[in-house]
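Undergrad: Here is how the chains run, residue by residue.
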Amino acid sequence: MASNHPLPAIAGTTLFDGEQAKKGYALNKMCFSFNSADNRAEFQQDEEAYMRKYRLTEPQAAAIRARNVLQLIAAGGNAYYLAKFAGIFGLDMQDIGAQQTGLTKDEFKARLVAAGK
Amino acid sequence: MAKLIGCIGTSHIPAIGGAIHKGLQQDPYWKPFFDGFPPIREWLGKVKPDVVVIFYNDHGLNFFLDKMPTFAVGAAPQYNTADEGWGIPVLPPFKGELDLSWQIINTLVEKEFDIVTCQEMLVDHACTLPLKLFWPEGECPVTVVPICINTVQFPLPKASRVYAMGKAVGEAIAAWDSDKTVAVIGSGGLSHQLDGERAGHINKAFDLQFMESLLSNPEWATQFSIHELVEKTGTQGVELLMWLAMRAALTPGKGSGVRKVHSNYHIPISNTATGLLALEKVD
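Residue numbers (the numbering used here), protein chains in the order written: chain E, 1 to 117; chain F, 1 to 283.
Take the hints with a grain of salt, since some may be wrong.
[Stated by the list, open to error] Quick list of in silico lysine to aspartate or glutamate cross-link-like pairs, DMTMM-like style, CA-CA up to 25 Å: (1) E:Lys-29 x F:Asp-83; (2) E:Lys-29 x F:Asp-27; (3) E:Lys-105 x F:Asp-27.
In short, the hints are calculated from the structure, not lab data.
Chain F with its partners taken away, still in its complex shape:
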């Protein structure tokens, strides 16, 4: 059976793509953000995942309001990036992991998650930036299964539902008949709000408590409604749902414990409180 080794949550911001492109990692503005990554790369170099499952939210690249799935699972042999409107560089395609895509799709539907499946799927910065941050050099060494969670149009799926979906994905990975090593990524948040008179809203206390909860009490955030999460973390802070799905994937079965590999938290990049957290599954 496949081996699920751990998870990494990170923020995604288009400007990060620009900073990587321009080589600004040591620039005083960017350094506190990029400095979070070397310990995680070191860990990834040791545990060497073959495949990553990425929970992310599309920002109007692949999905428009004509068809807006709540949960969409990628089942493509490769995932292309494209112009998102701001001219950040288009990246080479990322390789898919079809067998795991269908393992996850079959498991989710069996468990009554009525998902959308995508044999073609453009992936945006939310999906690709974590890969560039974790594996900055050369070709991406992992294959990917992207899972998109709607944060564009309300109603959004409840935190408890997202948690349950993430848990089911973890069960699908654990039952995958493969000798491959799998990691899970959650890409989004943490607190930020781009729109309205409350633009710039950030909630450091909540973010830190949320990150801590993923270590000790991963269901903590499921006590909140979406409305409460938006009120606390901002209209885009609610992207923390990605982290919740990611963490839930590590909970099933025996050996549900985790060990913290590394974390970082920095305010601000663009309008966002950036979080970074890697957890290793401990059997």
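Here chain E stands alone, though its shape is the one from the complex:
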């Protein structure tokens, strides 16, 4: 049974609730495994085999291949675990923020600075 969401949606925001947690379990489990340097190396050696090992769904695998954060979230990814995936590529949170908002990194950083004025 699908859970109800009586609360108004927050624009541009996906709450990582039970629905997302169920949908994203395999993807998040793979990202959790990236705490280990050995696992990160194994993933980088053969991404497809590593994704099969964690039984990612096709949308999850496609989002990983595309390095697309919004698609990863849509596929059930959780920000805290996805950060470990991003770390493999040396991406920081401002790279991730820029990608999701369609801004350049400099534009994204300027927006943050403006929020402090």
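Could you slot chain F onto chain E? The hints should help.
TA: Below, chain F alone, put in the same frame as chain E:
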């Protein structure tokens, strides 16, 4: 009985660990953040806590979605750090304070908080960075009791529940049969959002009002639902729950008043509005 001397709230961001490691404290980007800490270190040097209780949220180091506790209390003789996936340096272990861990566990369960207890617990940057920021030199001089509050998977505990839990922890500390001095840390927030098209969301007005409320009206934020807190402060801004638990620990009994030692607020570090607030308990 143990003496509870005050509390310190601070933001935690993995990049801070990198900046400390690289010695960037005086770098123009980092200076407005690190400059908040010397007055607090000076105060800590005077009041010299022996033990700190730290409210923090795990970021997928110790806990995964296979088992996700709402409240988890550390009861380990020592707490190890580990690779969190980004290669920030692993730190030496932090010493636990077993007697206080069990005092808190026993008190919380008696007060009907059905917590998880952890005799082994990896602690991540949220738990360790405040310790490095407050005591940058040498071995950490305090023992620790980490208390993890879930901010990973919704539903999160309500702000009012977190406040009540923090208050119960304060009561446990106050009733602890020990001559030790205890401080409480809240590690998280303030407003920020990492995920979604709204990534980069920051709410300075709310943050400043929240920090002010901890001085004058600590239950102020409990009027908001989790949904409202996320809407106002971002999906990770909701980590302000750690500050709420921390502040609540100072409220019980006589002498619930506080004095502000120091505060700082700076936007941005990484994607985050960083807050820092130390309050001394005034008897």
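Undergrad: For each hint, tell me whether it holds in the structure or not.
TA: A quick look at each hint next to the structure:
1. Between Lys-29 of chain E and Asp-83 of chain F the CA atoms are separated by roughly 16 Å; this keeps the pair inside 25 Å, and the hint holds.
2. Straight-line distance between C-alpha atoms of Lys-29 of chain E and Asp-27 of chain F comes to about 37 Å, which puts the hinted pair past the 25 Å bound.
3. A hinted pair counts as satisfied when its Cα atoms are at most 25 Å apart, and Lys-105 of chain E with Asp-27 of chain F qualifies at roughly 20 Å.
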